[in-house]
Amino acid sequence: MSSIGEYSEKVMDHFMNPRNVGEIEDAAVGTVGNAKCGDIMRMYLDIKDGIIQDAKFKTFGCGAAVATSSMATELVKGKTIEEALQVTNRAVMEALDGLPPVKVHCSLLAEEAIHAALWDYAEKEHISIPGLKKPVEDIEELE
Amino acid sequence: MEKLIYLDNAATTATRPQVLEAMLPYFGEYYGNAASIYRFAGKSTKAVDEARRTVADALGAKKGEIYFTGGGSESDNWALKATAFAKKEKGKHIITSKIEHHAILHTCQFLEKNGFEVTYLDVDGNGLVQPEKLEQAIREDTILVSIMFANNEIGTIQPIAELARIAHKHGALFHTDAVQAFCHVPIDVNELEIDMLSASGHKFGGPKGVGIMYLRDTVKIGSFIHGGAQERGKRAGTHNTPGIVGFAKAVELATANMEESARKETELRDYLIDGILAKVPYTRLNGHRTKRLSNNANFSFRFIEGESLLILLDQHGICGSSGSACTSGSLDPSHVLLAIGLPHEIAHGSLRLTLSAETTKEEIDYTIETVAKIVERLRSMSPLYSDFRSQQSEEK
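Chains as they are written, first to last, in my numbering: chain A, 51 to 193; chain B, -14 to 381.
It should be emphasised that the hints constitute simulated quantities derived from the structure, not laboratory data. Here the structure is a predicted model, which means the values were calculated and not measured. Mixed in with the good hints there might be a few duds.
Derived EDC-like pairs: lysine to aspartate or glutamate, alpha-carbon spacing no greater than 20 Å straight-line [what the hints assert, rightly or not]:
| # | chain 1 | residue 1 | chain 2 | residue 2 |
| --- | --- | --- | --- | --- |
| 1 | B | Lys358 | A | Asp63 |
| 2 | B | Lys358 | B | Asp259 |
| 3 | B | Lys73 | B | Glu102 |
| 4 | A | Lys106 | B | Asp372 |
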């Protein structure tokens, strides 16, 4: 069960006024989650000189899924690749003043979306990013 | 107070002012135990008796066939478990449908763990149980068929008379969970050959926490709540006199006005359905177009998820519900939407709006407009929608 009252003000703010919704052409892109479970996140990262210049997202999912996507894009913007790798689900959750327990998987999805976009970048640029693992296809494996 | 458009009357209804007024004296002035013998308690005893008469009349039943319970779930549990216990020598097979309320489904699962066998009938795309499927599934050892009168999510009304007749032809009892239908749809237990029926007060303007079980006097099953001699020894526990009085008052009000309310609701419901389908592309109506509760509309909007939709509707003062996983508390969307054949991702994007006789056309106009706006906004954020759009333009 979920009730709107369980969401923090920050989650509600990022859901009601999501930052960085959209797409970036020719950018690195990662898609995670699946429609069967009700959450899909797609993250676009525009990376130049090792720095994330811009980040955008599109998400199909609940309030928490949208809010974590929005916060994740905010957290990685302007960061180096190495710094972006440190944006964990915990960091996303903390930045949102927490999530209801049943919604924690949404923050995992956000972390995974960042990794998936970075993986795409590494593949396109034929580089290897230390510490980056191939993203899992199904987020349920993470739980 | 900010604007409130309450379109979740299948979840619960507002207690009618006349109902509350009828209940109040039994909290204060006439607090006597309806089972006590002194004159002071007589007022309570009489009130419970009169309430039983009102409810019996509404169902075409005898007064002695109505038992007051703590609600629909209790009545469902009683009907299934007590029948299983009473008839286990005859057989251990029960038939129900895949779209029942959890009060039925989870009770059936409990019975399965305790040596009973349950067949869950499929429904068609409109949510209808097909009588021939029941005919095929029923066996010599089938003791009970339990099919809901009308579905709580998609509103589809079942061919109860036909299903009951099949059960009886094969010597099985017939129970119906009529929680959504009672006092919304005319029900005559004899005409429809119903042996047991569950109903709940708060679905038609009555109080929460009080329900009934109709139990045909020829059906011999035991008690579910053991204890005192209340309800002719079949349902122990001190009578919830205010609740019972409120239940009966709500029945009285609803039945006096049923046809008129249904006509008004149906008109608004169809206006809502036509409006949404016309205004929002890639949308489907769930449930039967005409064989449905007069107050129920249920849609699936492709490419979006239900909880997001509910939160944004709430921000606009509109209360609705959804069958998405995020609102069901599990990873799977509503079992009802899956049973009518919706793929998971479409079931996640469902919205149920349930009206009352007090709902106005202005409220529906505002709702149609708001839903259209919100769906468009969520689609503009949805990767599924952008994929769909680019696929479309490739095909062109």
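Status of each hint after checking the structure:
The hinted pair formed by Lys358/B and Asp63/A meets the criterion: a straight-line CA distance of about 19 Å does not exceed 20 Å. For the hint linking Lys358/B to Asp259/B, the alpha-carbon distance of about 16 Å falls within 20 Å, and the restraint holds. Simply put, Lys73/B and Glu102/B have alpha-carbon atoms about 11 Å apart, close enough for the 20 Å limit, and the pair holds. Between Lys106/A and Asp372/B, the direct Cα distance comes to roughly 16 Å. Compliance with the 20 Å bound is thereby established for this hinted pair.
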